[in-house]
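Undergrad: Note that the protein sequences, when read in sequence, are chains A and B.
Using the numbering used here, you'd call the opening residue of the first sequence number 1 and step up by one each time.
Using the numbering used here, you'd call the opening residue of the second sequence number 1001 and step up by one each time.
Check the hints yourself; a few may be wrong.
[Unchecked claim] Result set (DSSO-like, lysine-lysine): computed pairs, CA atoms no more than 27 Å apart in a straight line:
id	chain 1	residue 1	chain 2	residue 2
1	B	Lys1371	A	Lys33
2	A	Lys36	B	Lys1237
3	A	Lys58	B	Lys1227
4	A	Lys59	B	Lys1456
5	A	Lys61	B	Lys1236
6	B	Lys1236	A	Lys92
7	B	Lys1382	A	Lys59
8	A	Lys71	B	Lys1043
9	B	Lys1401	A	Lys58
10	B	Lys1377	A	Lys58
11	B	Lys1227	B	Lys1294
12	B	Lys1385	B	Lys1236
13	A	Lys61	A	Lys33
14	A	Lys61	B	Lys1245
15	B	Lys1276	B	Lys1245
16	B	Lys1227	A	Lys59
17	B	Lys1319	A	Lys92
18	B	Lys1382	A	Lys11
19	B	Lys1237	A	Lys58
20	B	Lys1405	A	Lys33
21	A	Lys61	B	Lys1377
[To be verified] Rough simulated footprint, nothing fancy, chain A against chain B, three-plus residues with beta-carbon under 8 Å:
id	stretch
22	1007-1019
23	1185-1197
24	1205-1219
25	1298-1306
26	1325-1333
What the hints contain is simulated information worked out from the structure, not anything from laboratory work.
Computed from a predicted structure; not experimentally measured.
Virtual Cβ for every residue (Gly too), placed ideally from N, Cα, C.
Here is what each chain is made of, one letter per residue.
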Amino acid sequence: MDKNEVEKTAKLARLNFSEQEEIPGDFSRQLNKILKYIGQLNNLDTADISPMSQPLVKKLKLADDTSREFKNKEELANNAPDFKDGFYRVKKIIE
Amino acid sequence: MTIKETADKISSGKISASENLKKYLSGIDESQAQLNSFISLSKERAIKKAEEVDKISADLPLKGIPFAVKDNMMLEGTQTTCGSKILKGYTSPYTATAVEKLERAGAIIIGKTNMDEFAMGSSGETSAYGPTKNPVDITRIPGGSSSGSAASVKAGQVLGSLGSDTGGSIRQPAAMCGVVGLKPTYGLVSRYGLVAFASSLDQIGPFAATVEDAAIILNVISGYDPKDSTSLDIAKKDYTKDINKGVEGMVFGVPEEYMGEGLSDSIRERVTETVKELEKNGAKIKRVSLPHTKYAVATYYIVAPAEASANLARYDGVKYGYRSDNADELIEEYIKSRQEGFGPEVKRRIRIGTYALSAGYYEAYYVKAQKVRTLIKQDYEKAFKEVDLIISPTSPTTAFKLGEKFNDPLQMYLSDIYTISCNLAGVPGLSLPAGTDSAGLPVGIQLTGDYLSEEKILRGARAIEGLYNKS
Chain A
1 MDKNEVEKTA KLARLNFSEQ EEIPGDFSRQ LNKILKYIGQ LNNLDTADIS PMSQPLVKKL
61 KLADDTSREF KNKEELANNA PDFKDGFYRV KKIIE
Chain B
1001 MTIKETADKI SSGKISASEN LKKYLSGIDE SQAQLNSFIS LSKERAIKKA EEVDKISADL
1061 PLKGIPFAVK DNMMLEGTQT TCGSKILKGY TSPYTATAVE KLERAGAIII GKTNMDEFAM
1121 GSSGETSAYG PTKNPVDITR IPGGSSSGSA ASVKAGQVLG SLGSDTGGSI RQPAAMCGVV
1181 GLKPTYGLVS RYGLVAFASS LDQIGPFAAT VEDAAIILNV ISGYDPKDST SLDIAKKDYT
1241 KDINKGVEGM VFGVPEEYMG EGLSDSIRER VTETVKELEK NGAKIKRVSL PHTKYAVATY
1301 YIVAPAEASA NLARYDGVKY GYRSDNADEL IEEYIKSRQE GFGPEVKRRI RIGTYALSAG
1361 YYEAYYVKAQ KVRTLIKQDY EKAFKEVDLI ISPTSPTTAF KLGEKFNDPL QMYLSDIYTI
1421 SCNLAGVPGL SLPAGTDSAG LPVGIQLTGD YLSEEKILRG ARAIEGLYNK S
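Turn these sequences into a full structure, and let the hints guide you.
TA: Take a look at the structure:
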């Protein structure tokens, strides 16, 4: 991962990549070490193998298409950093 | 004391749930100060629950049993932090299905246990609430991510606990602390109310001092739940029923890939001894091969971070959790809340996952890992045509020193090398204590079975437990 990719990934992940590090450059060094390790998968020929996204062994039961009322709405509001009149309040986004 | 003995005593009226709880709560502040196994304790709630249980005349499987729950599972009215600063002060608005089942079975939950932040870690050290100490030796790690759930059972603070296992987070700390830990088949235990880390891998399971106690807990928490869309709709089983049937006629596979380089000699000796003893007791032993084992850690560190990067996108400081005070506009508020709220390991994995899913790399990393996942699953399918259970070490080393691997994430990841494949394939696995190494530290043996073969695993484990308790 070069500097540009580091910055691009940061933007996508909504993280700030220019944070202070205890050992300068250590974070990207560790990250690249991990990516290098992960790269060993390329030694395997997987041309005819289908990808597996989850490990369920049986067909799942479909849920009834009905809505359920969530009782404890007060706690949901209490957990919000800023909640007023039934709305989550955030910083102004339109001038 | 075991769950079975205590529940029998409480059910027969020899001791009340309240009296029993008092015994457990009396020493807890002291042991908590030493071990840091809990993030929060709810003593008053527990005392009230014990009084309620004492009014119930019926026998219950966990009647009055002091219990702990990993801090990534909801218990209404109590804090759920996931070991993260980003969820500090978050109050659970409802109760997880597995936890609700515990309480309905009479368990008394005394607190929420410490854990690696968002279950990302193998040593308990990434918790924002300080590391958990191993009760066997407090200078050592208790394993992770379910560090407090393993430590609290080992220390006798509780008789049972719940953890979650995404790549070994139940089995590895069970091995490090010398207790029993079971990761059930994917879909057997409802995950409603478990904070998501990697949804195609996460599974809730029990910790206990004995195999039978683990089976009793599994009886309670397993079963179909319409609130979890990945819950399997299958008939309930009694996992204690065949537990003492022994291993005669059972076929155990020893995978060569789990016994080679990187494994500590004393653990290899314990596994080899155990295999010999099983053979003496009528089991058949076969060599098996799981050839893609060496790719498991690499596959996991694409799949799990990819899923985590999506699951953890919800922490943006809007609806719940930490919000930064240092931002002037909305996007900056998201970024700073996440930057200040998440710890380094979580951010590292979000970055890896985001990278693996980004345009241009998706095929090369994510789809590639999904294909290798198929190969790992096929290894198991092949092996379980020949053997009932696979026996292996749980971890390549016994508990290492606090701080020893903390600054080398890749080395830390490799301590899960024997547990990760189970999660990728979705099969069940259990770790149980099998003696100690030369330094007196617990050694864990892992039994892995085919899908929904928990009965067989528990039966095999009970037999191994018998071998070690005899000597």
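Undergrad: Enumerate the violated hints, using their earlier numbering and listing them in ascending order.
TA: Hints 2, 6, 9, 11, 13, 14, 18, 22 and 24 are the ones this structure does not satisfy, whereas the remaining hints hold.
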